[in-house]
Amino acid sequence: MTGPLITDWSAVSPYGIGRAAFEEGFRSGRTTSVPLENEDWLVGERADTEACLVPGFVIKEVLGKKGTRAMDRVTGLVVTTVGRLLDTTGGPLPSEDPDEDTALVLGTTHGSHKSMVDITRDTLTDEKPYYINTAHIPNAIGNASAGMCAIWYGLKGPNATIAAGRNSGIATLNYGRRLLATGRARTVLCGAAEEYTTDRSWLEWHTRGADETGTVLGEGCAMVQLRAPAADGRGDDDALAEVLGVSSGITGPDGVAAGLETVVGNALRRAGIGREEVWAVSASAPAGEAGRQELKALDALFGDLDPLTLGRPGQIGDTGAATSAFQVVATLTAAQDSARAAGRVAVLTSVDRDGALGCALLRMR
Amino acid sequence: MANVTAEQAATIKEIVCEILELEEDEVTGESLFREDHGADSLRAIEILASLEKEFKVTIDQAELSRMVNLNGVYEVLAESAGW
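One line per chain: the protein sequences are P and C, in this order.
Residue numbers for the first sequence follow the UniProt record's numbering, so the first one is 1 and each next one is one higher.
Residue numbers for the second sequence follow the UniProt record's numbering, so the first one is 1 and each next one is one higher.
Please note that the accuracy of each hint is not assured.
[Claimed, not checked] Taking lysine to any residue pairs in the SDA-like style, the calculated list, with each CA pair at most 25 Å apart, reads:
1. K66/P with I45/C
2. K65/P with L32/C
3. K156/P with R178/P
4. K53/C with T123/P
No lab work stands behind these hints: they were computed from the structure.
Could you put the whole structure together from the sequences, leaning on the hints where they help?
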C-alpha cells in the first residue's frame, strides 16, 4: 500500500523567504550566520554574538500592518511559510471562502519563548499582576501560531500543534498520515517552526551541556503538503516523495546510538524496506555527544552502503523544533539533484537532548 | 463629555486607535468599536487592560458593555479613576 505523498513544500529560512531561496542556498552550501550587533529589532543583551536569521524578516513588511500588531515572530514565520505553500496572501479577517478539507499540523518547542517570558515578566514587574499586554496572551499559548494560520487562510480542517523538540517535524508527518488515513482531511500541511529571540538565546545558553558549546542558533519554518495517493495510482505525478513510515523512541540505558539503531530498524521493518534501497541519510546533528552518537548509529546501519550523507540541514544553524522539518525539505532538494534518488529511500533521523529519538523514511519519486 | 482633560482624551484615543489599527481621524466619539470598526471581544478586553495599565486604575469588566465607543470609554475611565 502506498503511503501519503508529499506534493509540495515551502520554507522561510536563513536563506530567505520561499522554496526557491532555500533551494538556492542549500545548493550553494553557504553559511548564513550573521553578527547580532547589526540587528536593531533584537532588544536586550544576548547570550550569542551571532545567529542564523531569516534575512530582513520584519513581520509588518512581509505580511502587512493589518492584524500583525501583536503577532510574534514564530507566528509570522509560520503564516508566511503557509502563505507561500498555498500560494495565497490571506489576511487577518476570517476568510469568506473557508477550506474545510485542509488540516494544519505544526511542530514547535514551546511556541514563542519570548511571548511567554514577556507576559510572565510583566505580571511580576508591573504595579499590579494584571497590568499585562492582553494582546500577547494568545501568543503565550503553544498553539497560537497554528490557530492564527487557520484564521488567516480559512483552514477549517483539524488544527494540531505538536511539541516534540527536534523530533517535531518528523512527528507532524506521522500525525498528518493518521489524519489522511482516518479521512479527517484531504490535504495536510505538516511542518515545524522556531524563532530566534533574545529569550530563546538565554534559555538555550543556560540549558546547554558542556559538550554543546559553540552552537549557533538558527530560525525558520518549513512546511510540506501531504495528501493520500490516488486509489488507482494515477494522477500522482506531482508527488515528490512518499512517506513510508515514521517511528519514534527514547534513549535507554545503552545510549543514543543503540536506541536510534533500534528505532531506525523498527521503521525499516514495519515499512518492509531493505537496507539496499537506501539512497541517503539525513541526521539532525545536534551539537555535542548526541550528534556524534547519531552519526555513529547511521554509520553502523548504513556505512557500508556509502549512502549520500545529508549532514546538518544546510548552514542554517540550530533551528530547534524546526530541525527535522528542514531535514525533510533539504532531502527533497537534494533528491532533485541526484540521478540516483528516484525510487529509492531517504532515512531521516532525529535526536533530541532530552532523549527523544525519531526516524522517517521517504521514498523519493 | 466626561470629566477628562484634553491630554487624557488624546492618550486614550491613541491607545484605542493603536489597538483597533485605525488612524485617529477614522474614529469619532460616537463611532462604535464593534459595528463600525470591526472590533471583537478580545480587542475590547485589550482596550480595557491597556487603559488600566496606562492610568494605573482598575476597571470592572462589567463596564465593558458601556465601552462601545470613545465617549463611553471616557466616561467609564473618569468614573473608575475618580477624575
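Against the structure, the hints come out as follows:
1. K66/P with I45/C: Holds, at roughly 19 Å.
2. K65/P with L32/C: At roughly 22 Å apart (the allowed maximum being 25 Å), L32/C and K65/P satisfy the hint.
3. K156/P with R178/P: Holds: K156/P and R178/P sit about 17 Å apart, inside 25 Å.
4. K53/C with T123/P: With a Cα-Cα distance of about 11 Å, the restraint between K53/C and T123/P holds, given a limit of 25 Å.
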